[in-house]
Amino acid sequence: AQTVTQSQPEMSVQEAETVTLSCTYDTSESDYYLFWYKQPPSRQMILVIRQEAYKQQNATENRFSVNFQKAAKSFSLKISDSQLGDAAMYFCAYRSRGSQGNLIFGKGTKLSVKP
Amino acid sequence: GAGVSQSPSNKVTEKGKDVELRCDPISGHTALYWYRQSLGQGLEFLIYFQGNSAPDKSGLPSDRFSAERTGGSVSTLTIQRTQQEDSAVYLCASIEVAGSYNEQFFGPGTRLTVL
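These protein sequence lines map, in sequence, to chains A and B. Quick note on numbering: the first sequence equals residues 1 to 115 in the working numbering. Quick note on numbering: the second sequence equals residues 1 to 115 in the working numbering.
Derived from the structure by calculation, the hints contain no laboratory data. Among the hints, a few may not be true.
As the list claims (entries may be wrong) - Pairs of lysine-lysine, DSSO-like flavour, derived with a Cα cap of 27 Å:
1) K57(B) / K70(A)
2) K11(B) / K107(A)
3) K70(A) / K110(A)
4) K57(B) / K17(B)
5) K78(A) / K55(A)
6) K110(A) / K15(B)
7) K107(A) / K73(A)
With the sequences and hints as input, model every part of the structure.
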């Protein structure tokens, strides 16, 4: 069975600075998808960025980028120029390609942004 | 278009009562998922629907939990004889094609409190 581990329960960053959130996963599959979701206090899960395992190029979405290391089974999220609105819980998630497609989540990292 | 909606937003019930939680997925999305988020935890997969069928019920924590989906659209998660450990946020998500790279869209969740 696949597992996702987020080793940082809480992180803090100064506004305009850069922060990296860690995620590791365990799987025997070779083809899968990885995701970072943001959950603000409103509870709404928002997709931040996604990565296909067979693509070596790291995904980037504006201020958000990932460092995907397939051999190490690592998928970290870098937030550049942090803004107050980035404060939220961040969840790393894994999905097998094909099949039923349910997401497997880590326990999350609570990110605080200091003004 | 409209996103995934869930009702009620919050539900407080007494131990031993039955509750029904509703999910309205995005129109045209064939796959629907229920997840449970306990305090301080990541999201735990409960059940998956493809159309009106639920091929995987393995995530349901006990036989007090059941779910159905009608017309390939609305889904209801029912918890019978609620227990205090059932207190959590219940999130529903839908996706156009299960297992694809497409985004899985989440509803705002129902916060269930069992007294």
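Each hint tested on the structure:
| no. | hint | result |
| --- | --- | --- |
| 1 | K57(B) / K70(A) | violated (30 Å) |
| 2 | K11(B) / K107(A) | holds (24 Å) |
| 3 | K70(A) / K110(A) | holds (25 Å) |
| 4 | K57(B) / K17(B) | holds (22 Å) |
| 5 | K78(A) / K55(A) | holds (18 Å) |
| 6 | K110(A) / K15(B) | violated (31 Å) |
| 7 | K107(A) / K73(A) | holds (17 Å) |
Comparing the model with each earlier hint shows violations of hints 1, 6; every other hint is respected.
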